[in-house]
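Chemist: Spelled out from the first residue to the last, the chains are:
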Amino acid sequence: MISRPSEPRVRRVAILGNPNAGKSTLFNALTGLRQKVANYPGVTVEKKTGFCDLPRGQRAEITDLPGSYSLQPASPDEMVVRDVLLGLQPDTPPPGLIVFVVDATNLDRHLYLALQVIELGRPLILAVNMMDAARERGLEIKTDALQRQLGVPVLGISAAKAEGLDTLRELMTRDVEPSTRHFREFPAHLQRVVERLEQRLPRRDALPDRARRDLAVALLLASGDDDALERHVSPDTRRDAQVLAKRLDEFSPGWRSGDVMGRYEAIAALVAEAVNAPASSRTDARREAIDRVLTHRIFGPIIFVVMMGAVFQSVFAWAQPLMDLIDFGMTRIGNAVGSVMADGPLRSLVVDGVIAGVGTTLTFVPQIAVLFLFLSILEDSGYMARAAFIMDRVMSRVGLSGRSFIPLLSSFACAIPGIMATRSIENRRDRFATIMIAPFMSCSARLPVYALLIGAFVPNRWIGFVTLPGLALFSMYFLGILAAILVAWALKRTVLRGGMPLYVMELPAYRMPAWRSVFVTVRERSLLFTRNAGTVILAITVVLWFLASYPKHGEAVRALESQRAAAVVVGDTAEAHAITRQIASSTLEHSFAGRAGKLLEPTIAPLGFDWRIGIGLITSLAAREVMVSTMATVFNLESGDADLQPLRTSLREAVDTRTGKLAYSPLTGLSLMVFYVLACQCMSTLAVVHRETNSWRWPIFMLVMMNVMAYAASFVVYQGGRILGYGT
Amino acid sequence: MIRRASNLQTDCRPLDRLAAGERGIIVSVDCPPPVARRLMELGLIPGTEIEVVRRAPLGDPLEIAVRGVHLSLRRTEARHIDIAPV
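As given, the protein sequences belong to chains A and B, one line each in that order.
All letters in the first sequence, in the order written, are residues 186 to 913 by the numbering used here.
All letters in the second sequence, in the order written, are residues 932 to 1017 by the numbering used here.
Hint data in this document are derived by calculation from the structure and do not stem from the laboratory.
Among the hints, a few may not be true.
[Unchecked claim] Beyond 10 angstroms from chain B on every Cβ pair, some chain A residues (computed):
| hint | residue |
| --- | --- |
| 1 | A259 |
| 2 | D425 |
| 3 | D434 |
| 4 | L658 |
| 5 | R843 |
[Stated by the list, open to error] Okay, the calculated bits of chain A under chain B, using three or more residues with CB under 8 angstroms as the criterion:
| hint | segment |
| --- | --- |
| 6 | 477–489 |
| 7 | 688–695 |
[Said to hold, decoys possible] Covered stretches of chain A, going by a simulated chain B footprint (3 or more residues, C-beta under 8 angstroms):
| hint | segment |
| --- | --- |
| 8 | 435–445 |
| 9 | 573–581 |
Beta carbons: idealized from backbone N, C-alpha and C, even for Gly.
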């Protein structure tokens, strides 16, 4: 089974196992910080690889394959696992060695996939994880008996406590002979069908003969939507397989799950020999006690609300000081760099373009880090599954599952970490639907805009128990949720229809999170965002800087600058400041962004917006809250001012230069708020959607859909309001 | 196992009718083929003992225990799984 230590080289090892087997903990323990994350080509499944030093100067390149229940795939994750193991995955050849992780406390369920993979005839080490938890429960697991029966090396480990990892690393340097065992028997007629199909499959070097059988079986069981099979097997063969499957359905009902029963019978025999369980270990008393509270009819939802409140509040509040710190730091750096550079376009590019762009990217990182800190603690401890269990009923109303709740909740702070959190949704269609509705949740960047407009246009009156401004703010949040429900409902009935309609989820035992693993996850998510989405955000910021600064309005600005110089000479600093603001305003008005605002005016006039709001809409593409500072610049106000009152007054009293009447009515304010609720303005969100869906189709779809909805809704509000006589 | 259970057909109930804490033996998994296969791969094999541990606070889904593993299962699937008394 194990022979001499092999030649020094980089071994290609894959870690594989059921979800909740502790795979990722083992991966993090073996590779530490030397990881990289990418996507498998064409799909949204994450490919995690890392390096691990082995004894005697050898190294291993380790791939953490997604958690799976079966080689008969029910999700894109499981399809990738099958494709890699069968040699169908284009960029990932089958691993030289498989480390298969099983949970010692749930051996029989976890052995199911293990038997399937052992049957493939590839070199494999079975790592029986969570031996510490098994010992605590009085379970005795005879690894030597398992080794004998399975024909592969077996060792007990505890990944969370780094137990047995040295032995595992040592084993990984050896040449492991694949097992020759089979654990399933096909009845004679099915055997013949499978053999006939096998002969028609293309001969390929990557595929060991025994794996060809699995490909044939996969072909028989296939039920559409299987890219790898379509790539590798001719249409004729696939059609024949479907005909054969139909015939089997007629003459041999139950053939589709015969091998499942066979494997479980083999497992029962294996476990009977290899596991000594005390009579009382049937139920886990501690788990039961915790669950009785956490999923209690009344306390369960209360605890859930408190937990979610804590997470939400932390993303909102804990991240804020860090974001302020980054903001402060970047401003200081900008000032420092600005003071050593000569005044001119280059300085403006560096300070207002590049440094500001880096700042924008970095301010997202605290939110992402804090959210993923909580998410990985909730996930590792086992609470996440309970949260999904509690919320499933509610979310199923719009065709989603309980897993969608937390990403959507996080999106009220910011859609970017929210969209990144959808990774925990196994169902691909649910995940995409959740991504598409996440930006409808009113994020913290919309709050300054709501605050400005409500303060300017909504009178502070009491209506029963609530104030009118409070009601207006609530309505904006509610409108976003309503839009999300409608869009989710529509998507799940159209483009995201179908898929296996099975919502089954494991409720794992409660565990202390492995802190090292939590830390690695937080770091990895933050870096991933900075590297991938960050570069796009930086580029967009620089482009928007350019649009808002060029072309320089030569004549008028030069005249203003000489006026300012005169004011400085006289010592009239107030006058000088006023002129500086006028210069900024004039520059913005005549920039590309300003001209675009004017160009946009006929289009947005039916919504009640003029060119000044148009400029705000354009600069909002960097981040929605930029709208506030842009409007301040447009109205000749100090843009860094934290006090919104002067700007509110300016908005209320703004005059339409052509008619001489007031430019904005309360109806304009309402229409603009509705627009901000629904419009897709945040380019950073689109960058993240692109990365998370691994395509440009979805972000473009999001952009078009949301903006059409926003335009339509604002149009209805403004024009409808005018018809009803609220226009002035 | 299956034959013995089918003699008790009259006592069979769908899984979603079991009360919290009630146990039974799986007789059949009558879902569309891919769903049935997946449920069996997760250990819901006819002849296996199954327990409804609890219902979610809003009544759906169910928490079931089978082979020492706890799963959350919606009633739409549980309806098609027939259970005989232990």
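Chemist: Against each hint, give a clear statement of whether it holds in the structure.
Modeler: Structure-based check of all given hints:
1. A259: violated, 5 angstroms
2. D425: holds, 19 angstroms
3. D434: violated, 8 angstroms
4. L658: holds, 29 angstroms
5. R843: About 57 angstroms separates R843/A from the closest Cβ of chain B, which puts it past 10 angstroms; holds.
6. 477–489: With 6 residues close enough to chain B, the hint holds.
7. 688–695: Held - the segment 688–695 of chain A has 6 residues with a Cβ nearer than 8 angstroms to chain B, which meets the minimum of three.
8. 435–445: As far as the segment 435–445 of chain A goes, the hint holds, because 3 residues have Cβ atoms under 8 angstroms from chain B.
9. 573–581: holds (count 7)
Against the hints set out earlier in the document, violations occur for numbers 1, 3.
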